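Asker: Letter by letter, the chains look like this.
There are 2 protein chains.
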Amino acid sequence: MTEVPLQRSTALAQLAATEGLAASVAFSPEAVFYLSGAAIMTQRILPDRLAIVVTSPDQEPTLIVCNIEEDLARTHSAIRDIRQYVEYARSPIDVLVEVLGERCPKGSRIGLELGYLNAAYCRSLEERTRDAEFAYDDVTGLIRQLRMHKDAEELAVLERGFLATDRAIRSAFEASHIGDTEKQLGARIADSLLANGADGVGWILVGFGETSHLVHQLPTDKVMKQGDLVRIDCGAAFNGYFSDLARSCFAGTPSEHQRSVYARLVAGHDRIIETMAPGVQACAVFEEAVRIYRELGIPFRDDEPHCGHSIGLGIHEHPVLNPFERIELAPGMVFCVEPPYFAPTGEFFHTEDLVVITEDGRRVVSRSADWVEPLLIGS
Amino acid sequence: MTEVPLQRSTALAQLAATEGLAASVAFSPEAVFYLSGAAIMTQRILPDRLAIVVTSPDQEPTLIVCNIEEDLARTHSAIRDIRQYVEYARSPIDVLVEVLGERCPKGSRIGLELGYLNAAYCRSLEERTRDAEFAYDDVTGLIRQLRMHKDAEELAVLERGFLATDRAIRSAFEASHIGDTEKQLGARIADSLLANGADGVGWILVGFGETSHLVHQLPTDKVMKQGDLVRIDCGAAFNGYFSDLARSCFAGTPSEHQRSVYARLVAGHDRIIETMAPGVQACAVFEEAVRIYRELGIPFRDDEPHCGHSIGLGIHEHPVLNPFERIELAPGMVFCVEPPYFAPTGEFFHTEDLVVITEDGRRVVSRSADWVEPLLIGS
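Chain order of the listed sequences is H and C. Using the numbering used here, the first residue of the first sequence is number 97, and each one after it goes up by one. Using the numbering used here, the first residue of the second sequence is number 97, and each one after it goes up by one.
A hint or two may mislead.
The list treats identical chains as one, so a pair stands whether inside a single copy or across any two.
[Stated by the list, open to error] As a list, the in silico SDA-like pairs of lysine to any residue whose alpha-carbon atoms are at most 25 angstroms apart:
| # | residue 1 | residue 2 |
| --- | --- | --- |
| 1 | Lys318 | Phe346 |
| 2 | Lys279 | Leu259 |
| 3 | Lys321 | Ala291 |
| 4 | Lys202 | Leu111 |
| 5 | Lys202 | Thr106 |
| 6 | Lys279 | Ala291 |
| 7 | Lys279 | Leu168 |
| 8 | Lys279 | Ser267 |
| 9 | Lys318 | Asp167 |
| 10 | Lys279 | Gly293 |
| 11 | Lys279 | Phe346 |
| 12 | Lys321 | Ser475 |
| 13 | Lys202 | Val191 |
| 14 | Lys279 | Glu166 |
| 15 | Lys279 | Phe269 |
| 16 | Lys202 | Gly116 |
| 17 | Lys279 | Thr171 |
| 18 | Lys321 | Gly293 |
| 19 | Lys279 | Asn292 |
| 20 | Lys318 | Leu168 |
| 21 | Lys321 | Pro440 |
| 22 | Lys321 | Asn292 |
| 23 | Lys318 | Gln354 |
| 24 | Lys318 | Thr349 |
| 25 | Lys279 | Ser475 |
| 26 | Lys279 | Arg170 |
| 27 | Lys279 | Gly323 |
| 28 | Lys318 | Glu249 |
| 29 | Lys318 | Thr307 |
| 30 | Lys279 | Ile141 |
Hints in this document: simulated from the structure, not taken from any laboratory. Fair warning: this is a prediction, and the values are worked out from it, not measured in the lab.
Isolated chain H, as found in the complex (with noise of 0.2 angstroms):
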């Protein structure tokens, strides 16, 4: 069990008390891992089993876990005063108010993560410390804030995971033939994945030909045919952290014009990426993304939100890459770089990697070997 997770505890109550904050309230799976170093699955499946993380100046950070989690949380988070409560006999909330009670005189303004608290438990809490006269401030974006420079530790668990991930996408593109089912493509890639280390699948989309444009479709059972674009989008957790990668690829052989759309954006997205180093704020990314997509004569929509976000605990993490992000890149940041095309024919080319800024630039990092050539899938 590493002290990591106390250390940035600490971090966060000293952020906060330069707001004026006398504690701050974790909610989030990915702020509850971040702060305590137990991931609790829970969250994600059954949200109304909260899981709190209170942090503030000069004292150790309190968990508060339902009793089914106190055995896990015990085994794997850094913070040792843990408390419990018995669902449904008792709301996390009542706890909440216990341990905010022991912590903050009457009239202290208090920071809690409403970027993901729902607003019921917010009711019921401010409802309940009516007599303390507490304020409740956001803090969401101060989580976000020491959350989005990764350390050495979180940069190497990332690196192996979108490794892995391309790793298994390119196993499974090989594995595949012209007459497959998306379903059967997809079940090939949870396979790959897990047996390229993942700890779990997080979600995997495949898209035929015409189809690969309704972006977030599950896999039907389409079946693959000679010319088809094949878009794949996938992510996994490894330690907590997500992969995210999208690749594209053929079913038999290209046309001409596929092959030089494919071409014209495996360059656009590299220099893309060039664009990236620290100093250069995130919206720069975005205005560059459209420049090089005029000079490569590849439409960039209109109302695209965004050519990337970063990534970690969560899947679109902040600093996301679009027109309004005036934040500067700094070393340590990671982003997802993925600048779409969506052709008039309905296919989505669909390609996606994870870049790291360094010092001196950045580094591409999910690459197993070189998606340049585009890979064709064989009868």
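Model the placement of chain C on the given structure of chain H, informed by the hints.
Answerer: Chain C alone, transformed into the frame defined by chain H:
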């Protein structure tokens, strides 16, 4: 595309109208799928990217999605009025404010799914509609009330999913050997779930021997050895509906004591299920479980929160079989029945089955074969 989601939207609007609400607004992946027919998987992995259904009496429902999901929504949703927003450029709450403004006169009471919507979005909505003097109530309970009664189509999907999951677990057990790791068994189950028709894997928990008490620990590199209790808890998605099954078996030859505990638990499980019928309160089933365990000489943990839960588009749905739930079972309700036994050895004996309440009793629908004799994994 079926019109059923539109009928459900109408039912929700009418139910809400009896409580004086001018509109109801759903945000959760479960409710949005239920009311629209569109499964938007990014709702689960990117919760900030809202999808929203607005219903009111005598008006067609409206579906709000981000532009990335618009094609998918138009392809799969029964709702005709689909509005979009471009992420980062415009908040989904902006579009919701517009839709509510079209439908609801100043001073209306409006129902929100506060059990899902995050507090930051909720605050933003309250702020932006201050001039309209809307009052916001919680309709989480009303939506649950509709969703707890499954129609014939939902029951058919659930039955198919649970049978497939049972088959997948059984064939994974049968393909396993002493010396396998938890991760290997987990990967085999994932493979088997997808081969048995699952659209995606929800979660896979595998525990060998004395660490099975860490209820929700992900599979590790721990090696299966002779005499280990092998516990599986897994779920997968079928047409948007989840399965959730737990099975326990043994590696090699169990001890006499393990065999006796297993036999009593299997018998007890069936006796608990036999107490379930229309008109029986959910809490009474819990009380019966405690009584039956006592008769069988198996300790029932004092702090056990429940012995079963409903399931459907979500994993723990209402009603829950806990000591406080007074709702009466009714035909069309479904329950995952899973009274646990945590042995002093650290072994977690876990069996879970899906029970459908019928006009004249109940049916167990999750057994592809008999689990009376423990399955034994060979060397």
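Asker: For every hint, state whether the structure bears it out.
Answerer: A quick look at each hint next to the structure:
no., hint, result
1, Lys318 x Phe346, "within (15 angstroms within a copy, 40 angstroms between copies)"
2, Lys279 x Leu259, "both (23 angstroms within a copy, 19 angstroms between copies)"
3, Lys321 x Ala291, "between (27 angstroms within a copy, 22 angstroms between copies)"
4, Lys202 x Leu111, "within (21 angstroms within a copy, 41 angstroms between copies)"
5, Lys202 x Thr106, "within (23 angstroms within a copy, 46 angstroms between copies)"
6, Lys279 x Ala291, "both (18 angstroms within a copy, 9 angstroms between copies)"
7, Lys279 x Leu168, "between (35 angstroms within a copy, 18 angstroms between copies)"
8, Lys279 x Ser267, "both (16 angstroms within a copy, 20 angstroms between copies)"
9, Lys318 x Asp167, "between (45 angstroms within a copy, 18 angstroms between copies)"
10, Lys279 x Gly293, "both (22 angstroms within a copy, 9 angstroms between copies)"
11, Lys279 x Phe346, "within (17 angstroms within a copy, 33 angstroms between copies)"
12, Lys321 x Ser475, "within (9 angstroms within a copy, 43 angstroms between copies)"
13, Lys202 x Val191, "within (17 angstroms within a copy, 38 angstroms between copies)"
14, Lys279 x Glu166, "between (38 angstroms within a copy, 23 angstroms between copies)"
15, Lys279 x Phe269, "both (13 angstroms within a copy, 24 angstroms between copies)"
16, Lys202 x Gly116, "within (14 angstroms within a copy, 37 angstroms between copies)"
17, Lys279 x Thr171, "between (38 angstroms within a copy, 19 angstroms between copies)"
18, Lys321 x Gly293, "between (31 angstroms within a copy, 22 angstroms between copies)"
19, Lys279 x Asn292, "both (20 angstroms within a copy, 11 angstroms between copies)"
20, Lys318 x Leu168, "between (42 angstroms within a copy, 16 angstroms between copies)"
21, Lys321 x Pro440, "within (19 angstroms within a copy, 57 angstroms between copies)"
22, Lys321 x Asn292, "between (28 angstroms within a copy, 24 angstroms between copies)"
23, Lys318 x Gln354, "within (21 angstroms within a copy, 47 angstroms between copies)"
24, Lys318 x Thr349, "within (19 angstroms within a copy, 45 angstroms between copies)"
25, Lys279 x Ser475, "within (17 angstroms within a copy, 33 angstroms between copies)"
26, Lys279 x Arg170, "between (40 angstroms within a copy, 22 angstroms between copies)"
27, Lys279 x Gly323, "within (19 angstroms within a copy, 37 angstroms between copies)"
28, Lys318 x Glu249, "between (41 angstroms within a copy, 23 angstroms between copies)"
29, Lys318 x Thr307, "within (9 angstroms within a copy, 42 angstroms between copies)"
30, Lys279 x Ile141, "both (23 angstroms within a copy, 20 angstroms between copies)"
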